[in-house]
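Take these sequences, add in the hints, and give me the full structure.
Protein chains: 2
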Amino acid sequence: MDLEKSPLALPFPEMPPIDGVTLRVARARYKDWDRADLTLIEVAEGTAVAGVFTQSACASSEVELGREQVKSGSARALVVNAGNANAFTGYRGREAVEAIMAQVGDALDCPSEQVFVSSTGVIGVPLPKDKARDGVAAALTAEPCRWEDVASAIVTTDTFAKGAQTSAMVGDARLELVGVIKGSGMIAPDMATMLGYIFTDADVAPAFLQELLTQANAETFSCITVDGDTSTSDTVLAFATAKADHPPIENWDSPGADAFAAALTDLCRQLAQLVVRDGEGASKFITVRISGAANDESARRVALAIANSPLVKTAIAGEDANWGRVVMAVGKAGEPADRDKLSIAFGGIWAARNGLPVEDYDEAPVAEHLKGQEIDLAVELGIGEGRASVWTCDLTHGYISINADYRS
Amino acid sequence: MDLEKSPLALPFPEMPPIDGVTLRVARARYKDWDRADLTLIEVAEGTAVAGVFTQSACASSEVELGREQVKSGSARALVVNAGNANAFTGYRGREAVEAIMAQVGDALDCPSEQVFVSSTGVIGVPLPKDKARDGVAAALTAEPCRWEDVASAIVTTDTFAKGAQTSAMVGDARLELVGVIKGSGMIAPDMATMLGYIFTDADVAPAFLQELLTQANAETFSCITVDGDTSTSDTVLAFATAKADHPPIENWDSPGADAFAAALTDLCRQLAQLVVRDGEGASKFITVRISGAANDESARRVALAIANSPLVKTAIAGEDANWGRVVMAVGKAGEPADRDKLSIAFGGIWAARNGLPVEDYDEAPVAEHLKGQEIDLAVELGIGEGRASVWTCDLTHGYISINADYRS
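Taken in sequence, the protein lines are chains F and G. Here the first sequence stands for residues 2 to 409, numbered as in my numbering. Here the second sequence stands for residues 2 to 409, numbered as in my numbering.
Derived from the structure by calculation, the hints contain no laboratory data. Values in this document were obtained by computation on a predicted structure and should not be read as measured data. Among the clues, some could well be false.
Said to hold, decoys possible - Selected chain G positions facing chain F (Cβ under 7 Å, derived; list incomplete):
#1 91
#2 125
#3 129
#4 231
#5 310
#6 358
#7 359
#8 360
#9 398
C-beta atoms are modelled at their ideal positions from N, C-alpha and C, and glycine is treated no differently.
Structure, rendered in C-alpha cells:
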C-alpha cells in the first residue's frame with residue numbers, strides 16, 4: 002500500500018560526509034519494487050563500534066550475531082537489507098547472513114566478524130542468498146552516494162527518510178556526528194523494525210563508546226513508543242572512525258568526553274523522535290514528562306504506562322483533556338504513587354493538583370493546546386525526585402487502517 | 002452516545018433467586034438519564050463476603066474501604082452507584098461513601114462496615130451526597146426486582162446486561178451461584194470499570210470463600226483484557242448467605258469444597274468472558290492458549306503480551322493469520338522462550354512449527370476460521386509444562402470511534 006507522508010514529518014537535514022565512511026546502495030530486489038534496498042557502508046580500518054539490540058527473546062539471526070560481533074569493538078562494514086527481515090527463518094536465515102559477512106569480508110580484506118548485517122521486512126522467509134550476493138556485488142562497485150540515499154534505502158513502511166546531525170568541540174577539533182534511522186511502528190505490516198546507525202569521525206575507545214551508547218539509549222530509544230510492540234530485529238549501531246584530530250576519548254576523564262557524550266545523546270534523541278513522528282497513523286507528537294517519582298527508572302515506567310495506554314492515546318487523538326485516563330495509567334504502572342499527591346497538566350496548565358480537579362479550571366487554553374500537533378503532558382507524582390520524559394504519538398483510525406484493513 | 006449492541010453479546014440467562022438475597026433498584030439520577038442507576042442488595046444476617054480489587058495505586062475511596070471491609074468477612078448490604086465513579090475526589094469522595102454506609106446501616110440495623118459500596122462513571126466529581134441519600138431512601142422502600150433489573154442498573158457504557166449462573170451439588174443439597182457484572186473496556190469514556198457481584202446460598206467460611214475467590218480470580222478475571230488498561234475501581238465481591246441446607250464448607254477437606262470451588266471458578270469465567278464480549282468495538286472473541294511455557298504464571302504473561310499487542314489485535318480484526326506478530330509478542334513478553342522451539346496455530350492449524358513456517362501450509366482453512374467470531378490462537382513454547390488461557394477481543398475502528406471520536 003502507499004501511505005501518505007506523516008503530517009509530523011520533518012525535512013531531511015543537511016548532513017556532512019564523515020571522514021572514513023563511504024556510502025553505497027544497490028538494488029537487490031528483495032521485493033518487487035523499483036528502488037535501492039541494499040545498503041553497504043564501508044568504514045575505515047581502526048573504526049570502533051558499539052551496539053544496542055532488541056531485548057526480544059525471539060531475536061533474528063542478525064541480532065544474535067550482532068550481539069557477539071560488537072564485543073570485539075572493531076568494524077569495517079555495515080550491510081542493511083530492506084524488504085526481508087530474515088527473522089523466524091532458522092539455520093537457513095543464519096547461513097544467509099554469514100554468506101554476506103564472508104562476501105564483504107573477502108572484498109574488503111577484513112575478518113567477516115567485522116561486517117555487520119541488519120535486515121528488515123517480511124518475516125518467515127529466509128533472505129534469498131542469490132539476491133543478497135548479487136546485490137552486495139553491485140553495491141561493492143557502485144558509486145558512493147549521499148546520506149539521504151542511504152536513509153531512503155533502509156526504509157520499509159516509513160513515510161519519510163530520517164536523518165539527523167550534530168557536532169561536538171573537543172579542543173580545537175570539531176567532531177561530526179550523523180545518523181540515519183528507519184521505523185514507524187515498533188513493528189508494522191512488514192515488520193517495521195527500528196534500525197538506527199550513527200557515524201562519527203571521533204576517536205573513541207570501543208568500550209567507552211559502548212558505555213556512552215548504552216547510556217544514551219536508556220534516555221532516548223528506550224523512551225519512545227508507538228504501540229508498545231517490540232520488533233525481533235531492533236538495532237542501533239554506532240561507528241567511530243577516529244579520523245578527527247584529537248586525543249582519544251577513552252573514559253570520562255578524557256578531554257571532550259562530556260561534550261561527545263552530550264552530542265551523542267542529542268543525536269540519539271533526534272533520531273528516536275523521528276521514529277515517533279512517523280508512528281503509524283500519528284497525528285500528534287506527544288511528550289510525556291514525569292516528575293516527583295520515587296526515582297528516574299520509576300518515572301520512566303510511569304511515563305511509558307501513560308504513553309502506551311490506548312485510552313490516553315485515543316483521548317489525545319480526540320483532543321480531549323481526559324486526565325482521568327492519565328490517573329488510570331499512573332495507577333496501573335505498578336510503581337509507587339499516591340492518588341492524593343498526583344497533579345496533571347496539559348500544555349503547562351494544571352487540570353488536577355494534589356489528587357483533586359483544579360477548582361476554577363479553564364479548559365479553553367487546554368483545548369487550544371490539544372488542537373495542535375505537539376502535545377505536552379506533565380505529571381507530578383509528588384513523592385520523590387525521579388524524572389523522565391518519553392515520546393509517543395496518538396492512536397487514530399490511521400493506525401487501525403494500516404494494521405487491520407490491509408493484508409500484509 | 003448510543004452504542005450499538007455488541008455483535009458478540011449473549012442473551013441474559015434465566016437466573017434463580019438466591020435465598021437470603023433481596024434485590025432493589027432506584028433512580029438517583031447521577032446523570033441526566035431516565036433509568037435506574039442505584040442498586041441496593043440486602044443479604045441475610047450471617048452472610049459471608051470475600052472480595053478482589055484493582056491493584057491500581059490510585060484506587061477510589063470505595064476500593065480503599067472495601068479492601069478493609071472484606072477482612073471482617075461479614076456483609077449485610079451492597080450499594081452500587083452508576084454514572085459517577087467518585088474516583089480522584091479526595092476526602093469529599095470518601096465522605097460520600099461513608100454517608101451511604103451509615104444510612105444503610107441505620108436502616109438495616111447493622112454496622113456500617115457491613116455495607117459495601119461501589120461506584121462507576123465519570124471521575125473527578127465527588128458523588129453528590131443528596132442524590133445518593135434520596136436514591137438510597139427510594140431503594141430501601143422499593144419493590145424487590147429481578148437479576149436482569151440489577152444487571153441493567155449497574156451498567157454505564159455496556160451495550161448489554163450481563164449475568165451468569167451455575168450450581169454445585171453438595172450431598173443432596175443443590176447450591177445455587179449467580180453473578181452479574183458490568184464493564185466493556187477495562188476503562189472507558191465514562192470509566193467503564195469492571196464491577197462483578199456473585200451471590201450464593203452456600204454456607205462457606207469467609208476465609209475459605211476469600212481463598213476460593215482469589216484463586217478463581219487468577220484464572221478468570223485476571224485472564225481477560227480488552228485494551229490492557231486497568232480501572233481505578235475494579236471490584237469483584239462474592240456473598241454467601243448460608244441459607245442452603247448442608248454442612249458448612251470451611252476448607253478443602255469439607256464435603257463439597259471441590260464442587261463449590263469448581264462452580265465458583267466456572268461462574269467467574271462466564272462473567273469474565275461476558276466483559277470481553279462487550280469489549281469496546283469488539284468484532285471477534287479471541288482465546289489465546291499457551292502451552293509449553295516455563296510455568297503457568299509465565300504462560301499467563303506470554304498470553305497477555307499477545308492479547309494486549311495492538312498489532313496482533315489489529316491483524317485478527319483484519320482476518321490476517323499474521324503469525325509474525327505473534328512471534329514478536331512472545332519475544333517482547335520478557336519470559337523464557339526459544340525462537341527455534343516456537344509453534345503457532347490458528348483454529349487448530351499450525352502455521353509455524355519449531356521456529357519455522359510450516360512447509361506446505363494451507364492458508365484456506367485458517368482464513369475461513371479467521372472470518373468467524375470465535376478465534377482460537379494457540380502457541381506452544383516447547384520449553385516446559387506451563388499452560389494458560391486468556392481471553393480478549395480484536396482492535397477495530399470501533400474502539401477508536403468510541404474512545405477518540407466522542408468527547409466524554
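Evaluated hints:
1. 91: Nearest chain F Cβ about 5 Å off; hint holds.
2. 125: 4 Å, holds
3. 129: 15 Å, violated
4. 231: Holds, about 4 Å.
5. 310: 6 Å, holds
6. 358: Check passed: Cβ of residue 358 (chain G) comes within 4 Å of chain F, closer than 7 Å.
7. 359: 10 Å, violated
8. 360: 12 Å, violated
9. 398: 5 Å, holds
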